[in-house]
Amino acid sequence: MTFFARALMGATALTLAASPALAEKLTIATVNNGDMIRMQKLTDDFTSANPDIELEWVTLEENVLRQRVTTDIATKGGQYDIMTIGTYEAPIWAKQGWLVALEGLGDDYDADDLLPAIRGGLTVDGKLYAAPFYGESSMVMYRKDLMEKAGLEMPDAPTWDQIKEAAAAMTDKDNEVYGICLRGKAGWGENMAFLSAMANSYGAKWFDMDWKPQFDGEAWKATLTDYLDLMNNYGPPGASSNGFNENLSLFQTGKCGMWIDATVAASFVTNADDSQVADQVGFALAPDKGLGKRGNWLWAWNLAIPAGSQKVDAAKKFIAWATSKDYLSLVAENEGWANVPPGTRTSLYENQAYLDAAPFAKMTLESINAADPQSPTVDEVPYVGVQFVAIPEFQGIGTAVGQQFSAALAGSITTEQALANAQNVTERTMKKAGYIK
Amino acid sequence: MARNVSNTRKALVTAVAWTIGILIFFPILWTILTSFKTEAEAIASPPSFLFFDWTVENYVEVNSRSNYPLHFMNSVIISIGSTLLGLLIAIPAAWSMAFVPAKRTKDILMWMLSTKMLPPVGVLIPIYLLFRDFGLLDTRIGLVVVLTLINLPIIVWMLYTYFKEIPGEILEAARMDGAGLWDEVVHVLTPMAIPGIASTLLLNVILSWNEAFWTLNLTAAKAAPLTAFIASYSSPEGLFYAKLSAASTLAIAPILILGWFSQKQLVRGLTFGAVK
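Residue numbers (UniProt numbering), protein chains in the order written: chain L, 1 to 437; chain U, 1 to 276.
Keep in mind the hints are simulated off the structure, nothing from the lab. Take these hints with a grain of salt, some might be off.
[What the hints assert, rightly or not] Pairs of lysine to aspartate or glutamate, DMTMM-like flavour, derived with a Cα cap of 25 angstroms:
id, chain 1, residue 1, chain 2, residue 2
1, L, K255, U, D53
2, L, K255, U, E41
3, L, K164, L, D174
4, U, K222, L, D35
5, L, K41, U, E39
6, L, K173, U, E41
Quick caveat: nothing in here was measured; it's all calculated off a predicted structure.
All chains should be built: construct the whole structure from the sequences, respecting the hints.
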């Protein structure tokens, strides 16, 4: 055997021996929230079962992530093997052919166990394009002690009139207690998430069946008038710059009688380590106006695979693990049932251990089930989405309209001006985009 | 009497200067203080300034969750690399514009500066596509190139201003003594412009260190600098202020220390030629 042949054999042996080091690396883009961070800590469970797959995380703030992954997927940049996307992006990107259909996630995946409302928003032409990691709706969180003091009782399914009555009764501005805290900060995912959902319950809608904007109708006028009335009379000062975190801070420090926001907030406001009112919080469904729709939204953070990915099989393996029933049990074992990512699987809400650990579980499930992204408003509409309209133009017009409504809350413009401006800006964009002539 | 007025005036000016200084520094101080609070204390109202339970748990959490050394090294390489590359291009460019001006030199300078007026997002897609095709996405070399190009107009302008202050006669004398172009630039011009070059270098390092549009949009995991490290601790839904403050403190600490030690040089360079 020549020296060259020996060297070749040696090199081959070394290459074979080194093959585990050539594991497939998945780059996962995700948002910074408690559930996602918890998943990163628990991935040893996945990598020990799949030693040929390595995981690399890119954690970003929600809006940065959205801009980043949208640029990448639209240009086929190929930076990520798995992306965390919302229920807004999933149907739009699936229709564009930008996502891989999530078929073949394994025999024990049990896709039928996914909550129908959440699954429906992620399915296009009968195929699931993103797997939900955690889901949320919105609901009323209220102070039981303040309600009792006011001599009122919060029904499980209140109306907007009852909310107004409770807000008035609980407000004590001298002691910095405000009857109601709502989002006022401008943005399609900020004040417009709340206001679009509220508008649905008032019978308002973004567009009619011909895609004509509807801000000049009576329903939107009633929505905005009541919102401004609530906030101006019973809300905290400077509410036009309040988003989720600002209201969370106000509620946790005992300054809000009620807060209508994401169901995920329930675990924060009932956590005695952070909340001064942890043992005084009650929950109710988002209010209605007696028209058959409640003012709650529906959102989920989901894992999806960009089309053109070279690592589809490995990515599917990871998604199947992260969104499985077994993963929920794994979180429960390590962090307790109260920290399990909520709002994705029916079986979780049939689990007594979870129901015992999470007092808000029942109301979260009912809120999620009360939202229907396929039929979000009282009247028939041409779009999908509860607190958003699943068209690419919505981010722009949602934020522009949100700025008008936030300005109305700040007192810079009147209700009528805000609605007229919203109508104009939406009509202009829809004309440019070719929806209307 | 005159002495008293002068002292009063001096005290007043000093007080105003200190007030402005404290006001400017306060957000940084507040960030540092918040980084030692718990999340509950970070959002407490009214906020506590110094009397809270000091904790380093946010730093422990941040270090366990993120690969700080990787992000730090990326920031160092990207900011120093882009600065050196920028100076390499800008020194000859500024020399030629200052000492051998052409008819359109002023126009070229204005045009270079005008590129800074374009919002970066306007060219995001073309740059992203170029990076994709050249395999530069999520690479340090890619960021060095893009940050060099972005800061080049400012470097050229600053150096041009400094070079213009140097009397051309000195260079002529060097030439008469037989100095070639290389000797003229390296041995005569550069030593005289050292304060200007140093302050340009420092300013460019700071600008590159803090750049948060391209560094966030063109990186993923491998080349992400400290701006991406900070961005990973912000969230619209959840309590994060204390951890975000800890991450921010870790990110700004190196550049803050650099700025502190080089402030004399920086101020001298920035005011170079300000009083004629």
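Against the structure, the hints:
A distance of roughly 23 angstroms separates the Cα atoms of K255 (chain L) and D53 (chain U); the hinted pair therefore holds under the 25 angstroms criterion. Using a Cα cut-off of 25 angstroms, the hinted pair K255 (chain L) and E41 (chain U) holds, with the two alpha carbons roughly 16 angstroms apart. At most 25 angstroms may separate the alpha-carbon atoms for a hinted pair to count; K164 (chain L) and D174 (chain L) meet this at roughly 19 angstroms. Annotation: proposed proximity of K222 (chain U) to D35 (chain L) holds, straight-line Cα distance about 24 angstroms (limit 25 angstroms).
For the given pair, K41 (chain L) sits about 20 angstroms from E39 (chain U) by alpha-carbon distance, which is consistent with the 25 angstroms threshold. Taken as a hint, the K173 (chain L) and E41 (chain U) pair is honoured in the structure, with Cα atoms around 23 angstroms apart against an allowance of 25 angstroms.
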